[in-house]
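Here's the letter readout for the chains.
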Amino acid sequence: MTAEISLAALRAGDRVEFARMVDLYSAPIYRLGLKMLGSPQDAEDVLQNTFLSALTHLSNFEGRSSISTWLYRIASNEALMLIRRKKPEFNLEDLQTDDSDEGAMPEIFVDWSVLPERELLTGESKQAIDDAIQKLPETLRMVFVLRDIEDISIKETAEILNLTETNVKTRLLRARMFLREQLSAYYGERLTRKEKHD
Amino acid sequence: MTDHSHKNCKALLGSLSEYIDGELPAELCAEIEKHLEGCENCRVVLNTTKRTIDLVQLPVEETVPLDVRERLFKRLNLDDYLIPKS
Numbered sequence: 001m002t003a004e005i006s007l008a009a010l011r012a013g014d015r016v017e018f019a020r021m022v023d024l025y026s027a028p029i030y031r032l033g034l035k036m037l038g039s040p041q042d043a044e045d046v047l048q049n050t051f052l053s054a055l056t057h058l059s060n061f062e063g064r065s066s067i068s069t070w071l072y073r074i075a076s077n078e079a080l081m082l083i084r085r086k087k088p089e090f091n092l093e094d095l096q097t098d099d100s101d102e103g104a105m106p107e108i109f110v111d112w113s114v115l116p117e118r119e120l121l122t123g124e125s126k127q128a129i130d131d132a133i134q135k136l137p138e139t140l141r142m143v144f145v146l147r148d149i150e151d152i153s154i155k156e157t158a159e160i161l162n163l164t165e166t167n168v169k170t171r172l173l174r175a176r177m178f179l180r181e182q183l184s185a186y187y188g189e190r191l192t193r194k195e196k197h198d
Numbered sequence: 199m200t201d202h203s204h205k206n207c208k209a210l211l212g213s214l215s216e217y218i219d220g221e222l223p224a225e226l227c228a229e230i231e232k233h234l235e236g237c238e239n240c241r242v243v244l245n246t247t248k249r250t251i252d253l254v255q256l257p258v259e260e261t262v263p264l265d266v267r268e269r270l271f272k273r274l275n276l277d278d279y280l281i282p283k284s
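Top to bottom, those sequences are chains Z and G.
Here the first sequence is numbered in the numbering used here, starting from 1 and rising by one per residue.
Here the second sequence is numbered in the numbering used here, starting from 199 and rising by one per residue.
Bound-form chain Z, shown alone:
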């Protein structure tokens, strides 16, 4: 079991402790960058910028949230900034990510969940899953990555993104419904082909 990172040591400029923190949180932050930006180069930028920013702002961090929450908050801001820099045009779809309950209603009702695992996880299918994640509006994608990929609680996700828990739940539901619809289109077609073939 890894010993907890000491904030006092970090603030006292203990480089060994900072290096230990970097090693402890690099993997989840890199993953967040990968899922948010979809490219290893961008994920590396998110990773580096997150820890550079943490180093710069360490003296202002009072420890009111956990180190993990603080780092995720920096990382999510870095990822969103990078996305917006790369896509500076006004995005109407993101503006529509209000947190009303009006989510899209499902349109595809094919039960592809019965397909065997080996067919759900071919190389091509994994790519389809990644593509579907990349199609999510970024504010939904961020909630989805933190909650469903990183397995962070609703409460902590809300704290990281400075949202209410209700907003997190609404965005999570919309993200899941969007992905379900995308994957239903993809796997539904496979299921139909398979049935025709059989």
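Worth flagging that the hints you see were computed from the coordinates, not collected in a lab.
As the structure is a prediction and not an experimental result, all values here were calculated from the model.
There's no promise every hint is true.
[Claimed, not checked] Calculated pairs, DSS-like style, for lysine-lysine (alpha carbon to alpha carbon, straight line, at most 30 Å):
1) G:248 x Z:196
2) Z:194 x G:248
3) Z:135 x G:248
4) G:208 x Z:135
5) Z:155 x G:208
6) Z:126 x G:248
7) G:232 x G:205
[What the hints assert, rightly or not] Here are some, though not all, of the chain G residues that point toward chain Z, as calculated from beta-carbon distances under 8 Å:
8) 216
9) 239
10) 248
11) 253
12) 262
13) 266
14) 274
15) 279
Beta carbons: idealized from backbone N, C-alpha and C, even for Gly.
The hints should help you fit chain G onto chain Z, whose structure is shown.
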């Protein structure tokens, strides 16, 4: 499907995430399950949503590539603390 109405489907969809995550009180779960028994479309949405979540959750990379880690430590001027990973 006598008690079936679009209104019930909409209500179920609104609670679907929390139902899947096991965050709803028992009485609400019972109501949802009653609706599911009579509504094939909602059953499909539930099954495929659960499967969608399962699929995106795996597999998770547990480490960063070694060259990425090395460049990160250099950028942070932490080269002296770059303990090789076994």
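A quick look at each hint next to the structure:
A threshold of 30 Å between alpha carbons decides the hint, and for residue 248 (chain G) with residue 196 (chain Z) the separation of about 26 Å falls inside it, so the pair holds. Distance hint between residue 194 (chain Z) and residue 248 (chain G) is fulfilled; the C-alpha atoms sit about 22 Å from each other, no more than 30 Å. Only pairs whose Cα atoms come within 30 Å are accepted, and residue 135 (chain Z) paired with residue 248 (chain G) is accepted, the gap being roughly 19 Å. Taking the CA atoms of residue 208 (chain G) and residue 135 (chain Z), the gap is about 24 Å. The hint holds against a cut of 30 Å.
For the given pair, residue 155 (chain Z) sits about 25 Å from residue 208 (chain G) by alpha-carbon distance, which is consistent with the 30 Å threshold. The straight-line distance between the Cα atoms of residue 126 (chain Z) and residue 248 (chain G) is roughly 17 Å, inside the 30 Å bound, and the hint therefore holds. This hinted pair checks out: residue 232 (chain G) and residue 205 (chain G) have alpha carbons roughly 14 Å apart, not beyond 30 Å. Given hint, residue 216 (chain G) at the interface with chain Z, holds; its Cβ is 7 Å from that chain's nearest Cβ, closer than 8 Å.
At its closest, the beta carbon of residue 239 (chain G) sits 5 Å from a beta carbon of chain Z; the interface hint therefore holds under the 8 Å criterion. A cut of 8 Å between beta carbons decides the hint on residue 248 (chain G): the least distance to chain Z is about 7 Å, and the hint holds. The closest approach between the C-beta of residue 253 (chain G) and any C-beta of chain Z is roughly 6 Å, which is under the 8 Å cut-off, so the hint is satisfied. About 4 Å separates the beta-carbon of residue 262 (chain G) from the nearest beta-carbon of chain Z, less than 8 Å, and the hint is met.
Hint status for residue 266 (chain G) relative to chain Z: holds, with the closest Cβ pair at about 5 Å, below 8 Å. Interface hint at residue 274 (chain G): satisfied, since its Cβ lies 6 Å from the closest Cβ of chain Z, which is below the 8 Å cut-off. A distance limit of 8 Å between C-beta atoms decides the matter here; for residue 279 (chain G) the minimum to chain Z is near 4 Å, and the interface restraint holds.
The structure is consistent with each of the numbered hints, conforming to all of them.
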